[in-house]
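K.L.:
Here is how the chains run, residue by residue.
2 protein chains.
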Amino acid sequence: MRLSRYFLPVLKENPSEAQIASHRLMLRAGMIKQESAGIYAWLPLGYKVLRRLAQIVHEEQERAGHIPLLMPTLQSADLWRESGRYDAYGPEMLRFKDRHDREMLYGPTNEEMITDIFRTYVSSYKDLPVTLYQIQWKFRDEIRPRFGVMRGREFYMKDGYNFDLTREDALHAYNRHMVSYLRTYERMGLTAIPMRADSGPIGGDNTHEFLVLAQTGESEVFYDARVPELKLGERAVDYDDREQVAGICKEFTTLYARTDETHDVKVFEDQVPEEHRRVGRGIEVGQIFYFGTKYSEAMGAVVTTPDGRKVPVEMGSHGIGVSRLIGALIEANHDEKGIIWPEGVTPFHVGIVNLKQGDSATDAACDSIHAALVAAGLDPLYDDRDERAGSKFATMDLIGLPWRITVGPRGLANNVVELTSRRTGKSEEMSAAAAVARIKEIYAAL
Amino acid sequence: MRLSRYFLPVLKENPSEAQIASHRLMLRAGMIKQESAGIYAWLPLGYKVLRRLAQIVHEEQERAGHIPLLMPTLQSADLWRESGRYDAYGPEMLRFKDRHDREMLYGPTNEEMITDIFRTYVSSYKDLPVTLYQIQWKFRDEIRPRFGVMRGREFYMKDGYNFDLTREDALHAYNRHMVSYLRTYERMGLTAIPMRADSGPIGGDNTHEFLVLAQTGESEVFYDARVPELKLGERAVDYDDREQVAGICKEFTTLYARTDETHDVKVFEDQVPEEHRRVGRGIEVGQIFYFGTKYSEAMGAVVTTPDGRKVPVEMGSHGIGVSRLIGALIEANHDEKGIIWPEGVTPFHVGIVNLKQGDSATDAACDSIHAALVAAGLDPLYDDRDERAGSKFATMDLIGLPWRITVGPRGLANNVVELTSRRTGKSEEMSAAAAVARIKEIYAAL
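Listed in order, the protein sequences are those of chains S and C. Residue numbering for the first sequence follows the UniProt record's numbering, starting at 1 and increasing by one per position. Residue numbering for the second sequence follows the UniProt record's numbering, starting at 1 and increasing by one per position.
There's no promise every hint is true.
The list treats identical chains as interchangeable, and a pair is accepted whether it falls inside one copy or across any two copies.
[Unchecked claim] Below, a list of computed lysine to aspartate or glutamate pairs in the DMTMM-like style, where the Cα atoms sit at most 20 Å apart:
| id | residue 1 | residue 2 |
| --- | --- | --- |
| 1 | K97 | E35 |
| 2 | K440 | D367 |
| 3 | K138 | E103 |
| 4 | K310 | D240 |
| 5 | K12 | E275 |
| 6 | K231 | D98 |
| 7 | K33 | E82 |
Just so you know, the hints here were simulated from the structure itself, not pulled from any lab data.
With the hints as constraints, model all of the structure from the sequences given.
P.N.:
Written out as C-alpha cells, the structure is:
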C-alpha cells in the first residue's frame with residue numbers, strides 16, 4: 001500500500017479526552033474516531049488490526065473444533081424473559097421497541113439466543129458435543145464509557161458456547177477453551193494469565209478471567225512471578241486428548257494468580273514464597289465459564305441420554321473481547337513515540353520510508369522493494385509522500401510497524417538500505433534484497 | 001470437516017412460512033434460523049457462505065483501490081439532522097434513546113457518518129481522491145419483512161463512498177465501482193446486469209442498479225437479450241486507466257436494460273430489434289450512485305483546490321447487499337432437490353459420502369481422500385454419519401455442494417470412487433487420487 005493512496009489521518013496533537021496511552025495512541029495514529037460516547041468508527045488502520053485479531057481468533061477456535069456461526073445484533077425481549085434476565089440485567093441493556101411496538105434489545109451477550117438455537121434443533125446425545133461461537137458486535141450501555149475501546153459501549157466480541165451431555169464433557173470443553181485462548185493470546189504477542197474469577201451475572205462455579213499485565217489495568221492482580229513465564233510455545237495440542245488438555249490447564253492454573261475479586265491473602269502467603277509474590281494491575285481480555293444447566297433448565301434445552309432419560313444439556317460460555325484486545329495490546333506495547341505492534345497483529349508487516357521522494361533512483365528502489373514484498377505475500381506500507389524524513393519517521397514510529405526499511409540516495413550509492421526494528425530502535429545496513437529476505441524470514445517464522 | 005462434528009440441522013419438511021425457493025432452501029439446509037421478523041441467525045453453513053461472499057467483495061474492492069474501514073451500527077441522531085434526513089427517513093429507521101436519553105438510531109446507511117469522518121480529517125485536494133467502504137450490519141425496519149434474507153430487517157451490506165475533487169473524478173469513481181461490481185458478481189457465478197435506475201432517497205443523477213434475472217425478482221425488467229451475454233471474463237483491468245474503465249462501462253450499459261421504474265416503451269422499441277426484446281423479473285443485488293455535492297454541501301465537507309478556492313467535495317455511494325446476495329444466488333441456482341452452489345461461493349468445495357460407515361476399508365479410503373483434499377488447501381465436508389446412503393445423498397443435494405465423491409466397498413474393490421457434479425447430475429468413476437486431482441484442478445482454475 002502506498003501511503004499517498006491510503007487514508008491515515010494521524011494527529012499531531014495529543015487529544016485531550018484520552019486518559020490512557022492506548023486511547024491516545026489509537027486516536028493519534030488514525031485508528032479510531034469517536035462517533036458517540038463509547039462508540040467508535042474503526043478507521044482503516046484500526047480496522048486492519050481488528051480483522052487480523054478476528055482472523056487469529058477464528059483460526060484458533062476452529063483448530064479447537066469449535067464451529068462458527070453468527071447471531072444477529074438485535075434480539076427479542078421474549079427470550080430474555082424465559083431465562084429471567086430481562087428484568088435482572090439493568091440499564092446496561094439497550095432496550096427499545098420496533099415500529100410494531102415489539103420489545104427488542106441490542107444483545108449484550110447471547111446465552112439465551114444460542115440456547116434457543118440449540119433446543120430448536122438438537123434433542124439427542126448423539127449430536128453432542130458441540131461448541132458454537134461467533135464474533136459479533138455487542139452493546140452494553142455503560143454509564144460512563146471511557147478509555148477508548150477498552151470500555152466502549154458498542155464492542156466486538158467472540159462468544160462461544162459449549163453443549164455437552166455430562167459435567168465431565170463440559171469441563172473438557174472448558175479446558176479446550178482455556179488452551180485455545182492461551183494460544184490465541186500468545187499468537188498476538190500477549191502474555192495473558194488465566195486467573196480464578198467471580199462469575200457475575202453469567203453464573204456458574206468454574207470461571208477464569210484472562211488478564212494482560214499493564215499498569216493501566218482496571219483490576220488489581222496478585223500472582224506468583226513464575227506464572228507470566230509460562231508459555232504454551234510450539235507444542236502440538238490434540239484438542240480431543242482430554243488428559244493433555246487438562247494437563248496444560250493444570251500447568252497454567254496451579255500457581256497462584258487471582259484478581260482482587262477472588263484474592264485470598266492467607267492462601268497467597270501460604271502458597272507463594274515471598275520472593276515470587278507480585279501485586280500489579282491487569283486488563284481483562286477474556287473470560288471462560290462453566291455454568292452447567294443454568295440456562296438449559298430455565299429454557300428447556302434437554303437431550304435424551306443413551307439410556308433414554310431426558311436431561312438438561314451441560315453448558316458453558318467463553319468470551320474474548322476482540323476490540324478491547326487492541327487497547328490491551330497497545331497498553332502492553334508502546335513507548336513515548338507511539339505503538340509497537342507485535343509481528344503477529346501488525347496492520348502492515350513493514351514500512352518503507354523514501355528519504356528523497358522524486359529522486360528517480362530512490363523512487364525506483366522503493367518501488368522494487370515494495371513489489372518484492374508484495375510478491376512474497378507480505379503487506380508493506382510505503383510512505384511515498386513528499387514529506388520531510390523526520391515527519392515520515394515520526395509517522396512510522398507512531399503507527400508502530402515492527403520493521404522499517406529506509407531508502408535514501410546516500411545508502412543507494414553504497415548499495416545499502418537501512419532495516420530498523422521499532423522495538424529496539426536498532427538499525428542495520430544491508431542490500432535491499434537482504435532486507436526483503438530478512439522480513440520474509442521474520443514473518444515466515446510466525 | 002466431518003459432518004459428525006459439524007452443526008448442520010437440515011429439515012425434512014418444507015417450512016410453511018417460506019414463499020420462495022431461496023427462503024425455503026436456506027431454512028431446510030440449516031443455513032439460517034429466524035429470530036424475529038426479518039432478523040436471522042446465520043447457522044454455520046449460512047455463515048460460511050456469508051464469509052465467502054464478504055471475502056470476494058473485500059478482494060475486489062481492494063483491487064479497485066478502495067480502502068476498508070468499519071463504522072459502528074449505532075449512530076447519533078444529530079448527524080442525520082445536519083443532512084435533513086432524520087425527519088425525512090420515515091419509520092424504516094429504527095430510532096431509540098440510550099440511558100442518558102440521547103437520541104440514536106441503528107444505521108440504515110452511512111452517507112452522513114462517512115461525510116463527517118471525511119470532513120474531520122480532510123481539507124485539501126492533495127488528499128484526494130479517496131474511496132472508503134465497509135461491510136457492516138444495517139437495519140431497516142421494513143413494515144412487512146419477507147422472503148427470508150432477501151428482504152430482512154437486519155442485513156449485511158457493503159457500502160462504499162467516494163470523495164473526489166471534480167465531477168470527472170467522481171464519475172471515474174462511479175465507473176470503477178461499476179467494473180469492480182461486475183467482477184464481484186462474475187466471481188460469484190452470477191450474471192448481474194447494470195440497469196439505469198431511480199435514485200430514491202439517496203439522491204443524485206447517475207445511478208445504476210445491478211439485477212440478477214430470476215422469476216421471483218421483485219422488479220420487472222426490460223432488456224436486450226444480448227446484455228446477459230456480456231462477460232468481463234479474464235481481462236486485466238487497470239483501475240487507474242480512466243479510458244479502459246469507462247470503455248467497459250459503456251460496453252455494459254449501451255444496450256437497453258432498465259427496471260420498471262425507468263422503463264421507456266418507446267426507447268425500448270426504437271433501440272431493441274424485436275427478436276432481442278426481453279421482459280422478465282430481476283433481484284436487485286447492488287446499486288451505485290453519483291450524487292455530487294448533496295451531502296458535502298449540507299454538511300460542510302469542503303476541500304481547498306490547487307488554486308486556493310474552497311469547494312464541496314464530489315461524492316457518490318455504492319452498495320452491494322451481501323446477505324441478500326445469498327438469496328439471489330439460490331434463486332438463480334437450485335432445482336427440486338436443493339441448492340446448487342457455484343464453485344466460487346460454495347460453503348464446502350466437495351462432499352465425501354461414505355456408503356458403508358464402519359467398514360474399515362471404506363472408512364480408511366474416505367479418511368485418506370479427506371486428508372488429501374485438506375492438504376491441498378481445500379475444504380471438504382465428509383459425511384461420516386451412520387446413515388443410509390439415500391439420506392446422505394439427499395443431504396448433499398439439499399446443501400448443494402458442487403461436487404461429490406462417493407466411496408463404497410464395491411467401487412473400492414475395483415479401485416474406483418465416483419465423482420458427481422451436482423449441477424449436471426453426471427457421475428464418473430475414477431481412482432480416488434484422480435478424483436482429488438480433478439477437484440484440485442477445478443478450484444485452481446477459479
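K.L.:
When no copy is named, should K310 and D240 be tagged within, between, both, or neither for a Cα gap of at most 20 Å?
P.N.:
Neither. Shortest intra-copy (26 Å) and inter-copy (65 Å) distances fail the 20 Å Cα cut-off.
K.L.:
For the identical chains here, do K138 and E103 meet the 20 Å Cα criterion within one copy, between copies, both, or neither?
P.N.:
both (18 Å within a copy, 19 Å between copies)
K.L.:
First find the shortest C-alpha distance between K12 and E275 inside one copy, then the shortest across copies, and answer within, between, both or neither for a cut-off of 20 Å.
P.N.:
Neither way: K12 and E275 sit 44 Å apart in one copy and 65 Å across, limit 20 Å.
K.L.:
Quick one: K440 to D367, C-alpha cut-off 20 Å, is that within a copy, between copies, both, or neither?
P.N.:
within (17 Å within a copy, 35 Å between copies)
K.L.:
What label fits K33 with E82 when the C-alpha limit is 20 Å: within, between, both, or neither?
P.N.:
between (38 Å within a copy, 19 Å between copies)
K.L.:
Classify it for me, K231 with D98: is the Cα-Cα distance of at most 20 Å met within a copy, between copies, both or neither?
P.N.:
Result: close neither inside a copy nor across copies, 49 Å intra and 43 Å inter.
K.L.:
Reference check for the pair K97 and E35, CA-CA at most 20 Å: within, between, both, or neither?
P.N.:
between (23 Å within a copy, 15 Å between copies)
The structure is inconsistent with the numbered hints 4, 5, 6, although it conforms to all the rest.
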